[in-house]
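Undergrad: Sequence lines, in order, name chains A and B.
All letters in the first sequence, in the order written, are residues 1 to 377 by my numbering.
All letters in the second sequence, in the order written, are residues 1 to 358 by my numbering.
In case anyone wonders, no lab produced these hints; they're calculated from the structure.
Be aware that one or more of the hints could be misleading.
Stated by the list, open to error - Derived DSS-like pairs (lysine-lysine); straight-line CA-CA distance at most 30 Å:
id : chain 1 : residue 1 : chain 2 : residue 2
1  : B       : K311      : A       : K133
2  : B       : K327      : B       : K311
3  : B       : K83       : B       : K159
4  : B       : K83       : A       : K60
5  : A       : K178      : B       : K83
6  : A       : K252      : B       : K114
7  : A       : K259      : B       : K311
8  : A       : K52       : B       : K41
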Amino acid sequence: MTLLEKFLLSILFLLPLTQIINLFQQGALPLYILITIVVCICCYFFTLYLIKETMPLLLKAGIQGRDLHKPGTDPIPESIGIVSGPMYLGCVILLQIVYQIKLSEFNAGITSICFMVLLGFMDDVLNVRWRVKIYLSFVSILPLIVAYSGSTYVLIPKFVKIVFSTAHTAIDIGIFYKIFVTFFSVFCTNSINILAGVNGLEVGQSIVIGVAVLVLNLLRLNPNDASMDQEYARFSILLILPFLAVSFAVLKFNWCPAKVFVGDTYTYFSGMVLAVVAVIGHFPEMLALFFIPQILNFLFSLPQLLGFFPMSRHRLPKLNQKTGKLAGQKQHHNLINFWLRIVGPKTEKMLCIHILVFQAVCCVAAFGIRYLYREFL
Amino acid sequence: MINLFQQGALPLYIFITIVVCIFCYFFTLYLIKETMPLLLKAGIQGRDLHKPGTDPIPESIGIVSGPMYLGCVILLQIVYQIKLSEFNAGITSICFMVLLGFMDDVLNVRWRVKIYLSFVSILPLIVAYSGSTYVLIPKFVKIVFSTAHTAIDIGIFYKIFVTLFSVFCTNSINILAGVNGLEVGQSIVIGVAVLVLNLFRLNPSDASMEQEYARFSILLILPFLAVSFAVLKFNWCPAKVFVGDTYTYFSGMVLAVVAVIGHFPEMLALFFIPQILNFLFSLPQLFGFFPMSRHRLPKLNEKTGKLAGQKQHHNLINFWLRIVGPKTEKMLCIHILIFQAVCCVAAFGIRFVYREFL
Chain A
1 MTLLEKFLLS
11 ILFLLPLTQI
21 INLFQQGALP
31 LYILITIVVC
41 ICCYFFTLYL
51 IKETMPLLLK
61 AGIQGRDLHK
71 PGTDPIPESI
81 GIVSGPMYLG
91 CVILLQIVYQ
101 IKLSEFNAGI
111 TSICFMVLLG
121 FMDDVLNVRW
131 RVKIYLSFVS
141 ILPLIVAYSG
151 STYVLIPKFV
161 KIVFSTAHTA
171 IDIGIFYKIF
181 VTFFSVFCTN
191 SINILAGVNG
201 LEVGQSIVIG
211 VAVLVLNLLR
221 LNPNDASMDQ
231 EYARFSILLI
241 LPFLAVSFAV
251 LKFNWCPAKV
261 FVGDTYTYFS
271 GMVLAVVAVI
281 GHFPEMLALF
291 FIPQILNFLF
301 SLPQLLGFFP
311 MSRHRLPKLN
321 QKTGKLAGQK
331 QHHNLINFWL
341 RIVGPKTEKM
351 LCIHILVFQA
361 VCCVAAFGIR
371 YLYREFL
Chain B
1 MINLFQQGAL
11 PLYIFITIVV
21 CIFCYFFTLY
31 LIKETMPLLL
41 KAGIQGRDLH
51 KPGTDPIPES
61 IGIVSGPMYL
71 GCVILLQIVY
81 QIKLSEFNAG
91 ITSICFMVLL
101 GFMDDVLNVR
111 WRVKIYLSFV
121 SILPLIVAYS
131 GSTYVLIPKF
141 VKIVFSTAHT
151 AIDIGIFYKI
161 FVTLFSVFCT
171 NSINILAGVN
181 GLEVGQSIVI
191 GVAVLVLNLF
201 RLNPSDASME
211 QEYARFSILL
221 ILPFLAVSFA
231 VLKFNWCPAK
241 VFVGDTYTYF
251 SGMVLAVVAV
261 IGHFPEMLAL
271 FFIPQILNFL
281 FSLPQLFGFF
291 PMSRHRLPKL
301 NEKTGKLAGQ
311 KQHHNLINFW
321 LRIVGPKTEK
331 MLCIHILIFQ
341 AVCCVAAFGI
351 RFVYREFL
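With the sequences and hints as input, model every part of the structure.
TA: Now the structure itself:
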């Protein structure tokens, strides 16, 4: 691992770690977080072991792919999300038993994630049409929508209050909140899927967003506050820590040069976990801000998705075999190619790091936007 | 059902549910047809060992029945606004089992992993289960132990029993197999028995929780019958598709979950008598006292087209064939399904006798 990679990885680890140590020193960090961290560390090592065991089984079943940026290499196993999904679910169910959580939204969230992993793996194995993919994401979030009995209020920004001359600080948008959440989770699952094609990118972006979610909820923790907000923050931490554990385990095998591909199973799983945590933890608007790179990639891709321009299956940059660098292609309208055309050809590893740094910068900016929004409310 | 309706005892919700399930049936038929070529293309197929010389047919059609069932139940949950946490947990358990079953079919995991997968899948329901853990004490036990109690609370042992029982349900349907239509057929017979049991429990003058349990059970078993009949249409002899571990695990888990949420696990155990017998017959081979091959099938006599029981295979199918003589594959399946139905009827008899002499 290069020095740069070590440096970036340690930031991902240390940032929440310092927060955790700080909170612990303040006596604000409950014992449960330490227990959860220990369980998640065990989960990480067990997932590593299961990934190693499953890779030959996937190859034998023919679930594999060729690395298009490394011509001449053998196919490697795909859909390692089939390990991360059940491991995550098993870990969360174990934590649910330990903490005796009977909240129906929690259960419904687990159902939604489980359904998405099932449909994602079915998609990977059977190669269903893209229209079916959208339908699958839509059906998966329904259990959570049914069970959701929390607030459907949104805060009104100050300028809107002035324009509409109202004294309310929040309006109840009722069923539109549920409709928004449904579309948002369909977006989350599919947008991670299309910001892909580079070793380590799908897992990497999920980890960066996951760390941002963890940091957000650690900031929300406040021992003096006894409102429901603390419950939401606790559930979010309980749901995001196992996700980071299994994702780091997958990253170990998926980082450039990849030994395994994640498949639609992982990208759907990842998008659904993040959407579910945001709904149960009551911070979907923050998650939307964390997803700015995915939103940008989606907007860039729209002309091709809608058919105005021809679209190939993998819209990858072109590999220059002499220099080993990837060059952005004019005909592919996505974030990766646009970025390479701006900064010039980069190696696959550097490209991945660039995009992940961009993701991290957007997440930090999201915190800034949140601060400004609240100050000027 | 028509009788109950005339009595005014059949609520409107059962009709709505039946209509939804009929749509579910036809939609599942369509999806099965669409998915069969996809399974073949992905290499998920098997040869019918009783029909030598035929092409491989698709396997693991449980990947259609599972999500269709879950989608149907979630739709009903939206319509009836059911927020009960055990209901949700039951859906999670079934979903987890379908996922692990399909993973097993595709990756061919070792049998030890199969047991572990069934065990993990029931955990969400065990966690959420907050109902009674009482068991009724039969009269003779009361006399022997000189106690006035009618029921004892066995607490955590109830949960342990349910866990082991669901592991048993999922795997026992899996081993009573190998004949076209048998896995789906036995599931449908047991499913119908479950439906009949809960229709009997319905009583408009009773306002206790028992009515809730019966209602949930009906809501959970009707979509199961719908998707199973759709699968049977393609799996009945001669089969055009195999069900795979995905379906047998799904089926066992649905039945176990309905029994837990509906509070009738002991009745389900009685419905499972053929599966229990098959398991007991198979024990010597499962434990390694006798050699065991992968498929313990009867031998096909290609001239007569009939299957003959094999001495070396210790399971219900072979034992039965050695008693009644060689039968065609379709007749064998019908025999076993009739035996299953007879056991289910006997179960009702046992229940009646048990309650009379309590």
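Undergrad: For A/K52 and B/K41, compute the direct alpha-carbon distance and say whether it is at most 30 Å.
TA: Given pair A/K52, B/K41 holds - Cα atoms ~27 Å apart, limit 30 Å.
Undergrad: Would the pair B/K327 and B/K311 pass a check requiring their Cα atoms to be no farther apart than 30 Å?
TA: Roughly 16 Å between the alpha carbons, so the hint for B/K327 and B/K311 holds.
Undergrad: For the pair supplied as a hint, B/K311 and A/K133, is the alpha-carbon distance within the 30 Å limit?
TA: violated (50 Å)
Undergrad: CA of A/K252 to CA of B/K114, is that 30 Å or under?
TA: holds (27 Å)
Undergrad: Mind checking the alpha carbons of B/K83 and A/K60 for me, to see if they're no more than 30 Å apart?
TA: violated (42 Å)
Undergrad: Taken at face value, is the distance from the CA of B/K311 to the CA of A/K259 at most 30 Å?
TA: violated (49 Å)
Undergrad: So if I understand the rule, the pair passes when the alpha-carbon distance is 30 Å or less; does A/K178 with B/K83 pass?
TA: This hinted pair holds, its Cα atoms lying about 16 Å apart.
Undergrad: Below or equal to 30 Å on CA atoms is what counts here, so check B/K83 against B/K159.
TA: holds (22 Å)
Hints 1, 4 and 7 from the earlier list are contradicted by this structure; the remaining hints agree with it.
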